[in-house]
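Student: Protein chains in written order, with my numbering: chain A, 1 to 192; chain B, 1001 to 1388.
A portion of the hints provided could be inaccurate.
Claimed, not checked - Derived pair list, reagent style DSS-like, types lysine-lysine, alpha-carbon separation capped at 27 Å:
| hint | chain 1 | residue 1 | chain 2 | residue 2 |
| --- | --- | --- | --- | --- |
| 1 | B | K1365 | B | K1221 |
| 2 | B | K1214 | A | K101 |
| 3 | A | K101 | B | K1294 |
| 4 | A | K173 | B | K1250 |
| 5 | B | K1365 | A | K83 |
| 6 | A | K101 | B | K1221 |
| 7 | B | K1248 | A | K113 |
| 8 | A | K186 | A | K83 |
| 9 | A | K185 | A | K27 |
| 10 | B | K1248 | B | K1365 |
| 11 | A | K113 | A | K31 |
| 12 | A | K113 | B | K1250 |
| 13 | B | K1384 | A | K101 |
| 14 | B | K1383 | A | K113 |
| 15 | B | K1384 | B | K1365 |
| 16 | B | K1383 | B | K1294 |
| 17 | B | K1365 | B | K1250 |
| 18 | A | K83 | A | K173 |
| 19 | A | K30 | B | K1384 |
| 20 | B | K1384 | A | K113 |
| 21 | B | K1365 | A | K186 |
| 22 | B | K1248 | B | K1294 |
| 23 | A | K185 | A | K173 |
| 24 | A | K186 | A | K101 |
| 25 | A | K83 | A | K30 |
| 26 | A | K186 | A | K30 |
| 27 | A | K173 | B | K1214 |
| 28 | B | K1221 | B | K1248 |
| 29 | B | K1365 | A | K101 |
| 30 | B | K1365 | A | K185 |
It is worth saying that the hints were derived from the structure and are not from the lab.
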Amino acid sequence: MRSLYLILASFALALGHLSASTLEAEKFLKKAVTEVAHIADHSANSSALAASVRPVLMNVISFEVMTRRAVGPGWREFTEAQKKEATDLFSTLIIRTYSSKFTPGEFPEINYKSSVVPAPGRVEIPTRILYRGSQYEVIYRQEESVAWRITDVVIEGVSLIATYRTQFDSQFKQGGAPAVISALKKSVATPQ
Amino acid sequence: MNKALATLFAGFISFATFPCYSASGSAALNSEIVLITKEGVKSVNMVGGRLPKNSTETYFLKSAVEVKKRPLSKPKPTPSPKPKPSPVVKPLQAAQGDTAARAKKPTPLPSTPVPSSRKVGAIVKKEVQKRKAETAKAAPPVPHSEKRASEVSSGKTTPNITITKKAPGATVPIDEFDEYSEVASIPDAIEPVNRCFFWVNDQLYCFVFRPVSKAYRVLPKQARTAVSNVYENVEFPVRFVNDLLQFKFKNADLEFRKFLVNSVVGVGGIVRVSDRIPALANIPPADTGQTLAKWGVGHGCYIVLPVLGPSSARDTVGRAGDYALNPLTWVSFGAVSAGASIAITAPNAVNTMDARIDTYDTVTKNAIDPYQAVRSGYSQYRKKVASE
Chain A
1 MRSLYLILAS
11 FALALGHLSA
21 STLEAEKFLK
31 KAVTEVAHIA
41 DHSANSSALA
51 ASVRPVLMNV
61 ISFEVMTRRA
71 VGPGWREFTE
81 AQKKEATDLF
91 STLIIRTYSS
101 KFTPGEFPEI
111 NYKSSVVPAP
121 GRVEIPTRIL
131 YRGSQYEVIY
141 RQEESVAWRI
151 TDVVIEGVSL
161 IATYRTQFDS
171 QFKQGGAPAV
181 ISALKKSVAT
191 PQ
Chain B
1001 MNKALATLFA
1011 GFISFATFPC
1021 YSASGSAALN
1031 SEIVLITKEG
1041 VKSVNMVGGR
1051 LPKNSTETYF
1061 LKSAVEVKKR
1071 PLSKPKPTPS
1081 PKPKPSPVVK
1091 PLQAAQGDTA
1101 ARAKKPTPLP
1111 STPVPSSRKV
1121 GAIVKKEVQK
1131 RKAETAKAAP
1141 PVPHSEKRAS
1151 EVSSGKTTPN
1161 ITITKKAPGA
1171 TVPIDEFDEY
1181 SEVASIPDAI
1191 EPVNRCFFWV
1201 NDQLYCFVFR
1211 PVSKAYRVLP
1221 KQARTAVSNV
1231 YENVEFPVRF
1241 VNDLLQFKFK
1251 NADLEFRKFL
1261 VNSVVGVGGI
1271 VRVSDRIPAL
1281 ANIPPADTGQ
1291 TLAKWGVGHG
1301 CYIVLPVLGP
1311 SSARDTVGRA
1321 GDYALNPLTW
1331 VSFGAVSAGA
1341 SIAITAPNAV
1351 NTMDARIDTY
1361 DTVTKNAIDP
1371 YQAVRSGYSQ
1381 YRKKVASE
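Sequences and hints are given; from them, build the entire structure.
Tutor: What follows is the structure, encoded as structure tokens:
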């Protein structure tokens, strides 16, 4: 009986720790999303928004994790310089994609649903966003390293990382790391 | 009896000390000795003071000696010319020392006494534990995610990774590089043809649909929303029948109520009153492709349909089902003329065009390969719809 109490107590402690950690992740996300939405609301256009939102997103999103997962196993063959270059270029693309979804003067209505913990140190926060008359289901995937960081955004079931993963795979098969970087450069250079 | 025991003891000591010529030390030439081998106690006739060449006993003896002589650990490099006996061996020497003292015989070779297999096991176990403790001391525990990051950045595969990889009960794939490898997979057997139609559709989007959509935006937003609401309400049978076919009776019931509310209170569906009723606000959509997926039909190959865009073999069949269930199709194939049919269906096509172009732009604008981006996005979206 005593051991049963001990087991229950340890479960309660573990759950307590888990929920505290999840709450922290939720708090972090709400703060970040509100901050970005406020900046978007006061921006003149989408290119100005991309520039002004960049410093905020750099502290909120783990671009290094995003890039290496988008590249896949080929990331091991990248040199340190190539890794840095690829991460910088990919972060520019992500910020541009993210900021293009905002229209200045329009504030999204976000409903946060209960979080899911797929593994220790990982949290998925599903949200329902009402924006410009349309509803979207958006899942924010977060991971705890030094602090909580967003590692993927899934809009209506479409993962940002998975979409790029398919594209990087074929680039890498064609010409390795230089081909990936060259494709990223080409995409970044394309006018919006 | 005493003689037999003495022979046994002599044989044991000698084979433990000399690898191949164990009998030569104490036993006489051409005599019989008793050996303790892996297979048990053996009596062997010696030829010229040696064991017969290639005999089974020689093999047993060799293998037995080899096992005992196997080094327990790599010798530690010590700066002093006279290496100290390792602490692992010390107690063994002490243990064996009693026997040596009793026998009062100086050992002919400067060898360390060979421990028995049980002792060897204990020593190995002790050594492994010691090394584990040393490794744990040297490397402080690192948080899971941080550890992975450091492993990746260094680009080295350590034995630790292999151990964690095989860890039972791991819910998350440890090789994070492969985490997204299977997320967006769909067979694309006719890729060249698909790419061709993709290019055609892209041109259509750029030069036909986009200008039309832009022109349509001249209408006030309320009017566009009203058109959208009416068509959504009319397409109620598609969702209702598919909900029934998927055994989602609750959703079918909600769809029916939504249709009633919007048709009656919302004046033929112009106003979507159901949005103000929480239970009716977010009913998951249902289509024939989804029903087929629920029934276990796979994607089939990826198909880019002219004008209509991305699809799959399953969803193309599903699309045909949706057309069949759509009352607008019934009207078009009914008594009305071709002109009237176009007039009925065109507003919906133009109305949905705006949203389609917006989605298309989001996926392709910052893509490395727009074709692959659309294919991946479509595959993921349909996977999500099928799982609902």
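Student: Hints first: check each against the structure and report whether it holds.
Tutor: Structure-based check of all given hints:
Pair hint K1365 of chain B plus K1221 of chain B holds up; C-alpha atoms about 25 Å apart against a cutoff of 27 Å. With a C-alpha separation of about 18 Å, the suggested pairing of K1214 of chain B with K101 of chain A holds against the 27 Å cut-off. Between K101 of chain A and K1294 of chain B the alpha-carbon distance is near 32 Å, which puts this suggested pair outside the 27 Å criterion. For the proposed pair K173 of chain A and K1250 of chain B, the alpha carbon gap of about 48 Å is over 27 Å, so the pair is violated.
Restraint check for K1365 of chain B and K83 of chain A: the C-alpha separation of about 24 Å stays at or below 27 Å, so the hint holds. The straight-line distance between the Cα atoms of K101 of chain A and K1221 of chain B is roughly 19 Å, inside the 27 Å bound, and the hint therefore holds. Under the criterion of a C-alpha separation no larger than 27 Å, the hint pairing K1248 of chain B with K113 of chain A is consistent with the structure, at around 23 Å. Under the criterion of a C-alpha separation no larger than 27 Å, the hint pairing K186 of chain A with K83 of chain A is consistent with the structure, at around 17 Å.
Between K185 of chain A and K27 of chain A the alpha-carbon distance is near 35 Å, which puts this suggested pair outside the 27 Å criterion. A distance of roughly 37 Å separates the Cα atoms of K1248 of chain B and K1365 of chain B; the hinted pair therefore is violated under the 27 Å criterion. The hinted pair formed by K113 of chain A and K31 of chain A meets the criterion: a straight-line CA distance of about 16 Å does not exceed 27 Å. Note on K113 of chain A and K1250 of chain B: the hinted pairing holds, with a Cα-Cα distance of about 22 Å set against a maximum of 27 Å.
Proposed proximity of K1384 of chain B and K101 of chain A is supported: the alpha carbons are some 21 Å apart, at most 27 Å. Pair hint K1383 of chain B plus K113 of chain A holds up; C-alpha atoms about 21 Å apart against a cutoff of 27 Å. Pair hint K1384 of chain B plus K1365 of chain B holds up; C-alpha atoms about 23 Å apart against a cutoff of 27 Å. This hinted pair checks out: K1383 of chain B and K1294 of chain B have alpha carbons roughly 11 Å apart, not beyond 27 Å.
Of the supplied pair hints, the one linking K1365 of chain B and K1250 of chain B is violated, its CA atoms being roughly 39 Å apart against a limit of 27 Å. Using a Cα cut-off of 27 Å, the hinted pair K83 of chain A and K173 of chain A holds, with the two alpha carbons roughly 17 Å apart. Restraint check for K30 of chain A and K1384 of chain B: satisfied, since their Cα atoms lie roughly 25 Å apart, inside the 27 Å limit. For the hint pairing K1384 of chain B with K113 of chain A, the CA-to-CA distance comes to about 18 Å; that is within 27 Å, so the pair holds.
Between K1365 of chain B and K186 of chain A the CA atoms are separated by roughly 12 Å; this keeps the pair inside 27 Å, and the hint holds. Only pairs whose Cα atoms come within 27 Å are accepted, and K1248 of chain B paired with K1294 of chain B is accepted, the gap being roughly 11 Å. At roughly 17 Å between alpha-carbon atoms, K185 of chain A and K173 of chain A fall within 27 Å of each other, so this suggested pair holds. Between K186 of chain A and K101 of chain A the CA atoms are separated by roughly 22 Å; this keeps the pair inside 27 Å, and the hint holds.
For the hint pairing K83 of chain A with K30 of chain A, the CA-to-CA distance comes to about 30 Å; that exceeds 27 Å, so the pair is violated. This hinted pair does not check out: K186 of chain A and K30 of chain A have alpha carbons roughly 34 Å apart, beyond 27 Å. This hinted pair does not check out: K173 of chain A and K1214 of chain B have alpha carbons roughly 40 Å apart, beyond 27 Å. Our distance criterion of 27 Å between C-alpha atoms is broken by K1221 of chain B and K1248 of chain B, whose separation comes to about 34 Å.
At most 27 Å may separate the alpha-carbon atoms for a hinted pair to count; K1365 of chain B and K101 of chain A meet this at roughly 12 Å. Simply put, K1365 of chain B and K185 of chain A have alpha-carbon atoms about 14 Å apart, close enough for the 27 Å limit, and the pair holds.
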